[in-house]
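2 protein chains.
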Amino acid sequence: MLRIALGQMEIIPGRPDINSRAMLAMIEEARAGAAHMVVFPEMAIPGYLLGDTWEQQAFLRDCEEYGRRIVAASAGLCVVFGNVGLDWNRTGDDGRVRKYNAFFVAQNGRLWAGDHFPYPFRIKTLLPNYREFDDTRHFYSLRKLAADLGRDIGELLQPVCVEVGGRPLRIGSLICEDGWYDDYSLNPVAEIAAKGPVDLLINISSSPFTLGKQGKRHRVFGKSARETGAPLVYVNNVGVQNNGKTVYTFDGASTVYNRRGQIVASCPAFEPSLRFLDLALSGGDSQEAALPPEDQSMATIYQALSYGAANFLKQIGMERVVIGASGGIDSAVSAALYASILGPENVLLANLPSVYNSATTKSLADDLAKRLGCLYTVVPIQESVDHTIRQLNGAPVVNRATGGQSNLSVTPFITENIQARDRSARVLAGLAAAFGGGFTCNANKSETTVGYSTLYGDQAGFLAVLADLWKHQVYALGRHLNEQVFHSEIIPQGVFTLTPSAELSTEQNVDEGKGDPLIYPYHDYLFRSFMEWWNRATPEDLLGWYASGELEAKLGCEPGLVSKLFPGPAHFIADLEKWWKLYSGMGVAKRIQAPPVLAVSRRAYGFDHREAQNSPYFTARYCDLKERLLAANR
Amino acid sequence: MLRIALGQMEIIPGRPDINSRAMLAMIEEARAGAAHMVVFPEMAIPGYLLGDTWEQQAFLRDCEEYGRRIVAASAGLCVVFGNVGLDWNRTGDDGRVRKYNAFFVAQNGRLWAGDHFPYPFRIKTLLPNYREFDDTRHFYSLRKLAADLGRDIGELLQPVCVEVGGRPLRIGSLICEDGWYDDYSLNPVAEIAAKGPVDLLINISSSPFTLGKQGKRHRVFGKSARETGAPLVYVNNVGVQNNGKTVYTFDGASTVYNRRGQIVASCPAFEPSLRFLDLALSGGDSQEAALPPEDQSMATIYQALSYGAANFLKQIGMERVVIGASGGIDSAVSAALYASILGPENVLLANLPSVYNSATTKSLADDLAKRLGCLYTVVPIQESVDHTIRQLNGAPVVNRATGGQSNLSVTPFITENIQARDRSARVLAGLAAAFGGGFTCNANKSETTVGYSTLYGDQAGFLAVLADLWKHQVYALGRHLNEQVFHSEIIPQGVFTLTPSAELSTEQNVDEGKGDPLIYPYHDYLFRSFMEWWNRATPEDLLGWYASGELEAKLGCEPGLVSKLFPGPAHFIADLEKWWKLYSGMGVAKRIQAPPVLAVSRRAYGFDHREAQNSPYFTARYCDLKERLLAANR
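Protein chains in written order, with numbering that gives the first Met the number 0: chain A, 0 to 633; chain B, 0 to 633.
With the rest of the complex left out, here is chain A (with noise of 0.2 Å):
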């Protein structure tokens, strides 16, 4: 038996001072608890997600010395760990120090990595550089190694050999896309086990949470148990890390593979947890456990949210927020999520009503307000708006050249913006820094797609919490927080049923039912094919599935819907058309400069998704097909 420790610590991205110390806690632990192996997750030291941080010689020198010090914390028990590995005499292909991403095994004061092996550490094989992953920016990858080297990269891919409770250990080191080699032309896993029997598989991860991924590695994972023959022990860290443009959370939820590939032991996801096993290395397996919650559902979103936004908060500093209150959906989900984070007293609903908001979304503002019990103010912008446009109608323009002078003339739809900014720009950014806090932006991905939104207007905010769910996302997330959350109908019902609107005009009256230009229940699902698929979906594709009749099988909307909606061909491809140039057009221009993003999906907007600033685009196909169909029906 072996009695190993799955060090499943909260990591902070940047900080090897804070993250060495919860390990030496935790090493504490582990010795006390008499395990005989404490195992911490990738980069455990200086965190994952640094940007260029790596590109700082200070720090590196900063996170080896951190590493030392675990290393010295080694008596007695095996430490395995993340940390970055230096050749400070050889550099990358940017010429800068040579990085790994590397796999660390310390006892008694000693790495023990070294044998088979250039260094004392073994080094990440499969570098993922897709979705938010730049490893090949930061990392030497260990192809490049065994080719410099003028070895077979086979030769470098052994077990690392240690001593553990006066029996060797034969450990097959892998690190986190290592073991998701199935798009790769190398299988570290099979390359390791091929050198004679491994008696223990260790992944050291930090794996952002992604919807449906648990489910997805438990194959994965239970497959290379199984083929291996040997228990596969998974750590993952838990907390916030970002890039930037996007949040990501990190679920932690580590697990223990037996030999069959089933689930011994898991931790908790989202929280930091030592959890001690005593582990089978041969003969009978370990008891099969309980198969961790299915994490499809709108709890785990809710608690991905929850646990991210709360995490970002605290890194950042802010204890207290504004949210303007519009009566809608999604500023009623954003209340009541902050609320659930930060307690309703510091959580601040400002409604801002112009002349066209209706009594219906004030009223329902104010009653959100009630339910949650939270700090309410009312802030009209009709008098700053009807003074902006006086000047702006006003200011006379003269031309410096000929003398001559003018005057510019704001339209209704310059007016819609005016109040956009007004609102957040001068308002809510005002009572936020009065307030002490930040104030939020509360976007949806659908509107976030097309740019359905103003810059410096409602698309401003410290963080997008809700922009990485569909519209009806939304709503899902509002009926679970009422449901399963507060446990009561904290956001009004009211709230539901209401028109979607932005209230900027006569054209958005929610009691005529007027509001968006979005039909969610189809273009949620167009928009969700553009950018989440894996092989985007492009109007040529939809354009070829709209003529053959598969379209709405293949973006998964209700059967019948598009018929309904697009009386024929040249409906169907003015509305195509139109969302797709603001989708690649527009709508990049304010993600430029959009704030970030929470993510939760296979792929959220921000770093996620790199995109360029050129003019929409369509394929000569699409142009072929686009004539046929419209000749066709004329």
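Hint data in this document are derived by calculation from the structure and do not stem from the laboratory.
Certain hints may be false.
Said to hold, decoys possible - List time: in silico PhoX-like cross-link candidates among lysine-lysine, alpha-carbon distance up to 20 Å: (1) B:Lys625 to B:Lys580; (2) B:Lys222 to B:Lys212; (3) A:Lys563 to A:Lys553; (4) A:Lys313 to B:Lys580; (5) B:Lys553 to B:Lys361; (6) A:Lys580 to B:Lys313; (7) A:Lys222 to A:Lys194; (8) A:Lys625 to A:Lys580; (9) A:Lys580 to A:Lys563; (10) B:Lys194 to B:Lys222; (11) A:Lys589 to B:Lys589; (12) A:Lys313 to B:Lys589; (13) B:Lys222 to A:Lys589; (14) A:Lys589 to A:Lys577; (15) B:Lys577 to B:Lys589.
To be verified - Chain B regions said to be covered by chain A (calculated; three or more residues, Cβ under 8 Å): (16) 128–135; (17) 174–186; (18) 190–196; (19) 568–578; (20) 593–604.
C-beta: ideal position from N, C-alpha, C; glycine also.
For chain A, the structure is supplied; the task is to place chain B on it using the hints.
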């Protein structure tokens, strides 16, 4: 003699239709000029900086189709061009269809690069993944391909053999980074040359302009030609491409080096050009040409900024701009720059005074408009600011749990930010919409570094055209505009001598010589060490140099300045920590929502400087050294 045409085209990113049309026109012209060969840049068909558009299969098929049209047009001459190379039967490491950054050689309707190679095209060997580059995110490297095929990489690095003008020609095919192998463990030029004599090296590039890069390229590429004994033809594109947060200019400057590494021809910078050249492949060398002008000067910066802004405006379809004219240097330089691009009749200067703006700056703004001959308006903000302060102070904040009521209080610091947001989000955004254009962000690199600006205030705008220039460079650009561009004092002398100030309070009274807290002759250089250096400096490095007396020499600022500014270590440390915290704290938060930056330096903010919103950090060694220094001076 080989008659070669350098196809220095403008590439529009994401527009295979337009780019292939430009290529077909140049092919016609090359044929008419009796060229044996025409050479186009890297990724000539799709463009290079496309974000994740590479994940759209329809776009990839479209690039392939337009590539076939180029091949079909190659009757009677050899057409070398860059495009994405696809293997629809294999995947990349991300599981998507495999893409290569590829080098195509077409002649008489067929492709010639398939000998000794598994594809009918050659592929980029060295994939840059530093600065703004993301090659490994999208493209499969030759190293991985060789490993997958179980072949030595050298076997895949052989010349392309083609018959030109009746004689066989062995071409060493290089794509951009392949020619910059110094930091890599593999030298593609040497590998190709090792297989026997090479008649011609061709490097097709899509190489963003960076100040000082041209001189370095002459050294590196000249050396390759000399060592290989073959002339080297370098073809780069012109145009503007962006990665969302950062906008890059491409200067072209295509160059031909003879076998002795001397420049024998070059295309003009920043303009499309089809340059014919008769190149001696054996026997006598082509005549050495005059070296292109040095590219370190302010003239080059002006050229890049002017070209970049003009083309970016064209790409986003913007023909008019509004500029908040404060009377200070940043807005004055911005105004002169845009006036030189769009014509003064399309530039509206707006002076937006509060009670804190001096007669001095108001009259400088007015004088600037007169000298430029542009449009001018004055929109006072005091009434709106007072109204906002009254509203914020007066709005009752009700605690809806207790029924208690309180009021918020607007401090002088909050009032400063209210003014800044009132100017930009209320007035400038409204003016821009009514004027039918955008409003500019005039921030420089010094203030961008430490977030010395207001979010949704002076930090807002559609493009930050000066944000890659340190404050002292903005002054120099202003002088250049007066002396070399307008040949008159278009920016009034008073703007240069004015104390830099935001004029947001009585503490920033320019007439009393009060202004910014930044001491530019020192902080410009300090901040540059934080962010522009290849190995970034941190407080640990800087304090070490301060202690050893090396700081001024390291930073490159005026000798003696540091001791003049700081009476002792305590003062030095307080200043250092203050700015480091802003740089790595609030500065990051602000840059996440900042406009795109037009890049000219070795490192611009945005995609070239990836950052996370983490807490400012001081290493253990820094803390030790600080303690020692303070103790010794106590």
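Task: 8 Å C-beta criterion, at least three residues: is the region 190–196 of chain B covered by chain A - done: It is violated: at least three residues are needed, and the region 190–196 of chain B offers just 0 whose Cβ sits closer than 8 Å to chain A.
Open item on the list: Check whether the Cα positions of Lys625 (chain B) and Lys580 (chain B) lie no farther apart than 20 Å.
Closed with: Holds, at roughly 16 Å.
TODO: Count the residues of the region 128–135 of chain B whose CB lies closer than 8 Å to any CB of chain A, then report whether that count reaches three.
DONE: holds (count 4)
Open item on the list: For a C-alpha distance cap of 20 Å, please report whether Lys580 (chain A) and Lys313 (chain B) respect it.
Closed with: holds (17 Å)
Open item on the list: Lys222 (chain A) and Lys194 (chain A) were given as a pair; does the straight-line alpha-carbon distance stay at or below 20 Å?
Closed with: Measuring from Cα to Cα gives roughly 19 Å; hence the hint holds.
- [ ] For the pair we were handed, Lys580 (chain A) and Lys563 (chain A), check the Cα-Cα distance against 20 Å.
- [x] violated (23 Å)
- [ ] Verify the proposed pairing of Lys313 (chain A) with Lys580 (chain B), using a straight-line Cα cut of 20 Å.
- [x] holds (17 Å)
Task: Pair hint outcome, Lys589 (chain A) versus Lys589 (chain B) [Cα-Cα no greater than 20 Å] - done: Holds: Lys589 (chain A) and Lys589 (chain B) sit about 15 Å apart, inside 20 Å.
Task: Pairwise hint evaluation, Lys222 (chain B) against Lys194 (chain B), where the allowed Cα distance is 20 Å at most - done: With Cα atoms ~19 Å apart, Lys194 (chain B) and Lys222 (chain B) stay inside 20 Å; holds.
- [ ] Apply the coverage criterion to the region 174–186 of chain B and chain A: a residue qualifies when its Cβ sits closer than 8 Å to a Cβ of the chain, and three qualifying residues are needed.
- [x] Coverage by chain A holds for the region 174–186 of chain B (5 residues, Cβ < 8 Å).
Open item on the list: Between the alpha carbons of Lys563 (chain A) and Lys553 (chain A), is the straight-line distance 20 Å or under?
Closed with: The hint holds at about 17 Å.
- [ ] Assess, step by step, whether the Cα of Lys222 (chain B) is no farther than 20 Å from the Cα of Lys589 (chain A), and give holds or violated.
- [x] Violated, because 45 Å separates the two Cα atoms, which is more than 20 Å.
Figure legend: structure checked against the earlier numbered hints; hints not met, in rising order: 5, 9, 13, 18, 19.
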